[in-house]
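Asks: These protein sequences, in sequence, are chains A and B.
For the first sequence, this note's numbering begins at 5 and goes up steadily by one.
For the second sequence, this note's numbering begins at 119 and goes up steadily by one.
It is worth saying that the hints were derived from the structure and are not from the lab.
Values in this document were obtained by computation on a predicted structure and should not be read as measured data.
Be careful, since some hints might not be right.
As the list claims (entries may be wrong) - Example chain B residues on the side facing chain A (calculated, C-beta under 7 Å, incomplete):
1) Ser-289
2) Gly-293
3) Asn-295
4) Arg-400
5) Leu-497
6) Thr-499
7) Ala-502
8) Val-504
9) Ala-509
Stated by the list, open to error - The following residues of chain B were derived to be distant from chain A, with all beta-carbon distances above 12 Å:
10) Ala-153
11) Thr-252
12) Glu-478
13) Asp-507
As the list claims (entries may be wrong) - Anything over 10 Å on all C-beta distances counts as not near chain B; from chain A, calculated:
14) Thr-17
15) Ala-20
16) Ala-38
17) Asp-39
18) Gly-41
19) Asn-43
20) Ser-44
21) Ser-49
22) Gln-57
23) Pro-63
Where a beta carbon is used, it is the ideal one built from N, C-alpha and C, also for glycine.
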Amino acid sequence: MAATPWPDAFADTVRAHVPLLRADSSLDPDTALADYGLNSLKMVSLLIALEDQFLITVPDELLIDSSFSNTRSLWSTIQQAAAMSGVTIADGTGA
Amino acid sequence: MNGTEPPVAARLRDDLPELVRHLAQHAADVDTEAAFPLESLAPLRASGLFGLLVPAGYGGLGGDLADLRALAGDLAGGCLSTALIWAMHCQQVDSLVRYASDGLKAELLPRVAAGELYLASVTTERARGADLLTAEAALTGSAGTIRLERDAPIVTGGEFAEGFLITMRDSEEAGANRVSLVYADRSQLKIEVSSRWDALGMRGTCSGGLKITGDLPEHQIIGERGQYRTIAVESMIPAAHISWAACWLGAARNAFAQVIGLIRSPRRPRSLDPDSPLTAVRLARVRADLELATCYLSQVTREVLDLRSRGISLSAPEAQIHLNTLKIVAAEKSFAVVNDLVELVGLSMGYLRSSSIPLERNLRDLRSASLNFANDRLLVTNGALVLMDRAVRLA
Chain A
5 MAATPWPDAF ADTVRAHVPL LRADSSLDPD TALADYGLNS LKMVSLLIAL EDQFLITVPD
65 ELLIDSSFSN TRSLWSTIQQ AAAMSGVTIA DGTGA
Chain B
119 MNGTEPPVAA RLRDDLPELV RHLAQHAADV DTEAAFPLES LAPLRASGLF GLLVPAGYGG
179 LGGDLADLRA LAGDLAGGCL STALIWAMHC QQVDSLVRYA SDGLKAELLP RVAAGELYLA
239 SVTTERARGA DLLTAEAALT GSAGTIRLER DAPIVTGGEF AEGFLITMRD SEEAGANRVS
299 LVYADRSQLK IEVSSRWDAL GMRGTCSGGL KITGDLPEHQ IIGERGQYRT IAVESMIPAA
359 HISWAACWLG AARNAFAQVI GLIRSPRRPR SLDPDSPLTA VRLARVRADL ELATCYLSQV
419 TREVLDLRSR GISLSAPEAQ IHLNTLKIVA AEKSFAVVND LVELVGLSMG YLRSSSIPLE
479 RNLRDLRSAS LNFANDRLLV TNGALVLMDR AVRLA
């Protein structure tokens, strides 16, 4: 699968919740979010921040471990939730 | 009794009263001396109970977590320290059975089943505290050999265990969340006792500190390298929360039974009037607490067994919430029950070490329950997890 592009605002929100990602490092799509320091508490906080940001609801059935495994899977989850919420999110250009 | 008795526990039913009596006989000395209960554990080893969760193909009893729940509750009525030591050993066995390689299982499980291999858990770390899912000390070594150096402040039975399951950061380069679980035989380790266990209660568990060093073959890593979280979620946490809850509630139930026995006997203190509505209300409330908490224990055990039998992960938020709630509630209610019983029977029967019923020891022992993997930590986790379960899926 090709790398999924995401808006800067998404990356900024993820960055704000992963303490181990250095400010001068890029957000690698396939690095485990846990390796960036995302624990279960920060995961919920990140989820709520993304729901607020994109005005979507992530349904319970998408809240499985694999949804949060890395930035790529998280973005895919957010897109899926947006589609289910009938919300359009602009890709890659800083929504 | 709650529900149908699981099959292995039912098979052992005839032998159990004698075992519980044996544990009860030694419980006071174990507590007073803060002595590891070697004599109490001997018949558990001999009866095959150390291999309760070992599949029959490896010579074990082939039991499951429902059997562990049932038996832990009964044994805790004899001696809570002994029951908890045994339950924690069984937690390690569950992880070995589910995640060790076939070769390692063939090496270890027959010894476990024969009662020759008592397993202790090393997850605490001086630098880091009790966070189960992270580790500071890193595995080193090369060419098929791993080296570990570990400073663990609390290891239940550590001075006496014949084998250890130890969490380590997977390598010096790995993040703290990349934890590997390693098996080490006592004979492979240099062990230094770093602190003694002189505690308010659970004194027989001898949960002092150890400094551990050793070189081990790489095949003694259990499960995938760096993936201890999976073992914790699918095995260590469910087995721990179910068996701890069973031990604590079993001890509280036994305390209640002893108080009922006291009230029904001429030994009852004069202050304890069976006809008093206050006595009746207190007894009814204690019974209600025991009923509810024990029912929840049975229900969560069934849920875990059901998910396991269908090959479904326990990582879903609601399953984790249920398991954490079980630990929190069992810890709170078991202590509250004994505390209420002390209030009910009064100073002489409830507070003195010389009392004919061991409420004073039960109270000290059960004070540890909320601290043994701290309820506060689990409540914070659950407070976050409940936001991920909009449907509020109750157990």
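Asks: Against each hint, give a clear statement of whether it holds in the structure.
Replies: For each hint, the structure was consulted:
A hinted interface residue such as Ser-289 of chain B counts as satisfied when its beta carbon comes closer than 7 Å to some beta carbon of chain A; here the least separation is about 13 Å, so the hint is violated. Annotation: Gly-293 of chain B was flagged as interfacial toward chain A, and the flag holds, the nearest CB pair being 5 Å apart, inside 7 Å. Evaluation of the Asn-295 of chain B hint against chain A yields a held restraint, the C-beta minimum of about 5 Å falling below 7 Å. A distance limit of 7 Å between C-beta atoms decides the matter here; for Arg-400 of chain B the minimum to chain A is near 39 Å, and the interface restraint is violated.
Checking Leu-497 of chain B against chain A: minimum C-beta separation of about 12 Å lies over 7 Å; hint violated. At its closest, the beta carbon of Thr-499 of chain B sits 6 Å from a beta carbon of chain A; the interface hint therefore holds under the 7 Å criterion. Satisfaction of the interface hint for Ala-502 of chain B is found here, the shortest Cβ-Cβ separation to chain A being roughly 4 Å, below the 7 Å cut-off. Of the supplied interface hints, the one on Val-504 of chain B is violated, with its beta-carbon coming no nearer than about 9 Å to a beta-carbon of chain A, more than 7 Å.
Because the closest C-beta pair between Ala-509 of chain B and chain A is about 5 Å apart, less than 7 Å, the hint holds. No beta-carbon of chain A is positioned within 12 Å of the beta-carbon of Ala-153 of chain B; the least distance is around 39 Å. Thr-252 of chain B, annotated as away from the interface, has a beta carbon of chain A within 12 Å; the closest lies near 9 Å. No Cβ of chain A approaches the Cβ of Glu-478 of chain B within 12 Å, the least distance being about 39 Å, so the stated non-interface status holds.
Listed as a non-interface residue, Asp-507 of chain B fails to keep its Cβ farther than 12 Å from every Cβ of chain A; the least gap is roughly 6 Å. Every CB of chain B is more than 10 Å from the CB of Thr-17 of chain A (nearest about 17 Å), matching its label as outside the interface. Against chain B, the non-interface label of Ala-20 of chain A holds: every CB pair exceeds 10 Å, the least being about 17 Å. Chain B draws Ala-38 of chain A into its interface by the beta-carbon criterion, the shortest separation being 5 Å against a cut-off of 10 Å.
Not every CB of chain B is more than 10 Å from the CB of Asp-39 of chain A (nearest about 5 Å), against its label as outside the interface. The non-interface label for Gly-41 of chain A is inconsistent with chain B: the shortest C-beta to C-beta separation is roughly 8 Å, within 10 Å. Interface exclusion of Asn-43 of chain A from chain B breaks down, the closest Cβ pair being 8 Å apart, not more than 10 Å. Ser-44 of chain A, annotated as away from the interface, has a beta carbon of chain B within 10 Å; the closest lies near 6 Å.
Once the 10 Å rule is applied to beta carbons, Ser-49 of chain A is inconsistent with being away from chain B; the minimum gap is 8 Å. With 10 Å as the threshold on Cβ separation, the claim that Gln-57 of chain A sits away from chain B holds: the shortest Cβ distance comes to roughly 16 Å. With 10 Å as the threshold on Cβ separation, the claim that Pro-63 of chain A sits away from chain B is violated: the shortest Cβ distance comes to roughly 8 Å.
Hints 1, 4, 5, 8, 11, 13, 16, 17, 18, 19, 20, 21, 23, counting from the list given before, are not met by this structure.
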